[in-house]
Amino acid sequence: MKDKKKGHNTKVSTTGGVLSPSKLLLSHLICGIGLASSFWLAINVYSINLIDSPTETLRLVWLIEVPVVILIYSLFRKDKNQSSYLKAVARGLLGLPIGAIINALGAIALGAPIGTQYFQRTLSWSLLMSAFTFVPAACVYGSSWIDWQQTFVHTKLIGIIDYMICLPAHGAVIGAWFGAWPMPLDWERTWQEWPICVTYGAIFGEIKLKGKKRSQKSE
Amino acid sequence: MGVHGVLLCVTSPLCCHTTLHQWFPPHKNRTSTLQSLFTVDRIVIIVLDALRIDFVAPSTFFEEKKPWMDKLQVLHKLASDPESAARIFKAIADPPTTSLQRLKGLTTGGLPTFIDIGNSFGAPAIVEDNLIHQLVANGKRIVMMGDDTWTQLFPNHFNKSYPYPSFNVKDLDTVDNGCISHLVPTLYDDDWDVVIAHFLGVDHAGHIFGVDSAQMIEKLEQYNEQLEKVVEVLQSQSAKGGLHENTLLLVMGDHGQTINGDHGGGTPEEVETSIFAMSLKKPPLPIPSEFDASSCKLDLLGRKVCVSSIQQLDFAATVSALLGIPFPYGSIGGVNPMLYGLVAGTWKNLEEGLSQQKVKEWMQNYAKVLCVNSWQVKRYIDVYTASSVIGFSIDDLKHVEEMYAKAVNTCFLSSVAELARTKFTEFNLRTMGIGFGILFMSIFVHLLFIVKVDRVHKDVFAPNETSPVSFALIVSCVLVAARACSFLSNSYILEEGKMTSFLLGSLGVLSLRHSIMRKKMILEATTFILIISILRFTIELNLSKQGSNEVLDSKMYVADVAPLLPLIILAYMLYKSIASCKWVLKLVITGSIFSYILVALHWILESNLSNMTHPIFDVIKGNVIPRVIYIMGIAQLLSLVVFRFFEEVERAKWGETTMMKGVAMLSSWSSTLMILSGRQGPWIALALVVGGWMISRLKGLEEDQKNAKIGVLACYSSSVTQWSLFGSCLFFCTGHWCAFDGLRYAAAFVGFDEFTIIPQAILLTIETYGFSHILPTLGLPFLVAYNYNSSIKPKQTPHSLIQLFQVYLIYGLIMAITTTFTVLCVIIQRRHLMVWGLFAPKFVFDVVGLILTDVLICLSSLFYFVQT
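Quick mapping for you: the protein sequence lines, in order, are chains A and B. The letter at position 13 of the first sequence is residue 13 when you use full-length UniProt numbering, and the numbering goes up by one with no holes. The letter at position 215 of the second sequence is residue 215 when you use full-length UniProt numbering, and the numbering goes up by one with no holes.
Keep in mind the hints are simulated off the structure, nothing from the lab. A quick note: this is a predicted structure, and the numbers were derived from the prediction, not measured. Note that CB positions come from ideal geometry on N, CA and C, so glycine has one too. Do not take every clue at face value.
Unchecked claim - Some, not all, of what chain A presents toward chain B, calculated at C-beta under 10 Å: (1) PHE39; (2) ILE108; (3) ALA109; (4) LEU110; (5) GLN117; (6) LEU157; (7) GLY159; (8) ILE160; (9) ASP162; (10) MET183.
Throw the hints in and build the complete structure from the sequences for me.
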């Protein structure tokens, strides 16, 4: 499920705020904890899991993950002078459905099943993917088209924050792409259904590349 | 260009896969035992082609009552009548479930070999020992009527035969009416011992209309009526001393069919057929309960009907035992106790007595028969093992040996059959190895040339070119490799259509990203992705049709009018394109536009839409229009060939001329293709044109980059990969899939009523491979010739030619790689359960596709390359 993001307009932006590695580590830790806690909640409190009830679990996961991501990434917004923290949060909220639509379209173009019984699953999945890929960028870059292009298309990464957005997003997309491969196999397992293994792939890819960046930074 | 030709010739001769050579020494059997045990005098075999089990068994045996069930009421009545010795069997056939294979299997009692499927159309005589041969050798007289496949298989065996041509699937009645007119009169004659009547109506009705259709039900009702007549005649003569005192009636199918009416594979629907057996001798003997493995249920009228199970493999042995003739030499089936026991009441040497005693005696006789049966199978297995290098493993043999020694006859027979089913087909590993080696070599040769051409190109035309490797090249390589490797698994072969569109979609998304990077042609990339999405939905729609019988409701206005719209668009595009070209090409393209009008006319006439009853329409309705279109197509191709030899080479305008030549070439194929593929044709053609155009335009992205500093290989790899994946997508999109039941036989009869092998085979090939192989291969020069930006100065001719050469090489390489992996897969999986159902058809389809592509590459090289 490879899909790359687009934004609107052009607006020159200068370098973002200075970011210390410890802050970065902390923010990732919080995102990771958010993800983990949502799964913990799903299993232990609501006693649902991704395999048996994908829609409910995915909904729970994105409901928890999205606020965490928006709140944290809004702190790192690039145009600190022009826009307030609240504005960045609003951008993130706006970016969520747009990103979800783009992810869903990409997934459907590549063969995600459609139909009423899959609609909810696809919706929840694409909202979660949006939280991994689109929302952080929307919070940080806003409507600066050049920044979007720099990060996602040219992958010319300048600041730490660029790495922080670009790598996990690519990780999630590539992970999801690889996650789709076991789907046609005839093992007759529930987890082969859309979008369970794709979600696993995306989460794995996201965490993997986050970790890679962290190790790069610590050098 | 000579190099090219040689290279491709190397690719083509493929592994001739399994030519299992079985030799059959004349044998002396323990005939005396068998002859003393024979139980019936005469057998009437009525074969109803493609008889599903649910046509015969009462609907209560199935989850749901469907309209086609419970139509053969006469069989239910007889099977439920405690006075008559009749029984319904579920017969399980071995795939491949094509008629020819099944007839071979039924008569030889062996398992089919793989290469035979290909021979299904031109049936060669059976060389192995078989039931019919044994019947003749033992002085039995056989009368055959119906399907002419029998006379092809057994040219000199029948005393009398009334064959009717079997291949025209549109014809539901000729064969059946022939059978009907001869069957009943024959039953009154006394100059035969075995009658075989092969009805084809159900098979043909299934192929054309599907199982859930009025025609099918009509056919079944007709059969019911005929069977009633036959039974009446037999029963009227079954008194002591009558003609049919000791006759066995068998009504059987050779294979089943899916709801769509297809067969050939190994799904339960296809392998489960039925045998109904009735002995005219009364009264029936109770069968010892240890052999009675039937399930009984009440039918809709409350009668108790029992259904037993039998392997089709056992048919030859059982019939041989019943008639008291030697078992066919290569038979590995066992005598089925249920079928054998059915006629137990007709023992010649059975005198009046207690039924207990009868049962005991029957048991003894059955044991004797089984003993001979086991001995025969054992001997065959021994000879087989001795004569073949790799057959059964020693462990398996030892196991069989032990069983035989213990004389557990039934166990022995069933385990031999089981073993044989997995291990029987001998694959000639050496031929396979050679074939695979050749393919592998051809890949290397391709690669070598590609690298070489790349280097030549660099030296001559672009000395300052920088990177021979680009991101796009790596991605293409990875995707092609991933696709090839996926063929090693049956699941991915099954889902190949979706897989291909997934990979194509990934490439499309990448080019969208690329176009955003270059800040242009975003629209093109988006359209391309849109086209892929549409293709993807079409593929899924076709996949769902594969399982269920979803006949499009052609009564709708929309269905009739819709295909005309893309047809008009295509014609308009052609019309626009003829503005600037030479008069020959202009003529050819105008011919295509005229053909399109004919296609439209044909469809309007065929639909219910038109009420034009004018006599002139009656004349041209039917076969005239398709034939005119075929002739036009051939004429167009011929004039293109002529044009090729007399054209004046204009070095400067190579690109333009090639474009026009390409348009003319494609358009001359397209009208034929469209009329063959039916109403979806114009849509697919439109998708092909738009998709191809987008790929060509998107290629401009790569070319433009850094003033053509990247190598030709890196430049074209992505587009050619897209092109070939796009072609494969179209294959699935047109409703084909890699199985023999995926062939659209009806297409072979557009414009023809009779079956003659050559034109029909050509039409079928064109229909199957047209959109996926023929058009993409012939259209490949567009990639090179298309100049998206007129401001860039046109390339020199030699430069373009070397690029075209490279493009064809890459295309050939991609096709060769996928086919090589399919071959590898078949070699590895040759003992796999699904080898007949899945891998073998895929193998045949891919190999034919590769050969076709290679031939077309050679031809189009001749057509497009000019002397410089």
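Each hint, compared with the structure:
Hint status for PHE39(A) relative to chain B: violated, with the closest Cβ pair at about 28 Å, above 10 Å. Contact between ILE108(A) and chain B, as hinted, is supported at the beta carbon level, the nearest pair being about 7 Å apart and thus within 10 Å. Given hint, ALA109(A) at the interface with chain B, holds; its Cβ is 4 Å from that chain's nearest Cβ, closer than 10 Å. A distance limit of 10 Å between C-beta atoms decides the matter here; for LEU110(A) the minimum to chain B is near 4 Å, and the interface restraint holds.
The interface hint given for GLN117(A) is broken, as the beta carbon of that residue sits about 14 Å from the closest beta carbon of chain B, more than 10 Å. Checking LEU157(A) against chain B by beta carbon gives a least distance of about 15 Å; that is not within 10 Å, so the hint is violated. A hinted interface residue such as GLY159(A) counts as satisfied when its beta carbon comes closer than 10 Å to some beta carbon of chain B; here the least separation is about 20 Å, so the hint is violated. Taking 10 Å as the C-beta cut-off, the interface hint given for ILE160(A) is violated, the closest approach to chain B being about 23 Å.
Nearest Cβ of chain B to the Cβ of ASP162(A): about 16 Å, over the 10 Å cut. The hint is violated. Interface hint status for MET183(A): upheld, as the beta-carbon distance to the closest one in chain B is roughly 8 Å, under 10 Å.
Consistency with the previously given hints fails for numbers 1, 5, 6, 7, 8 and 9, ordered from lowest to highest.
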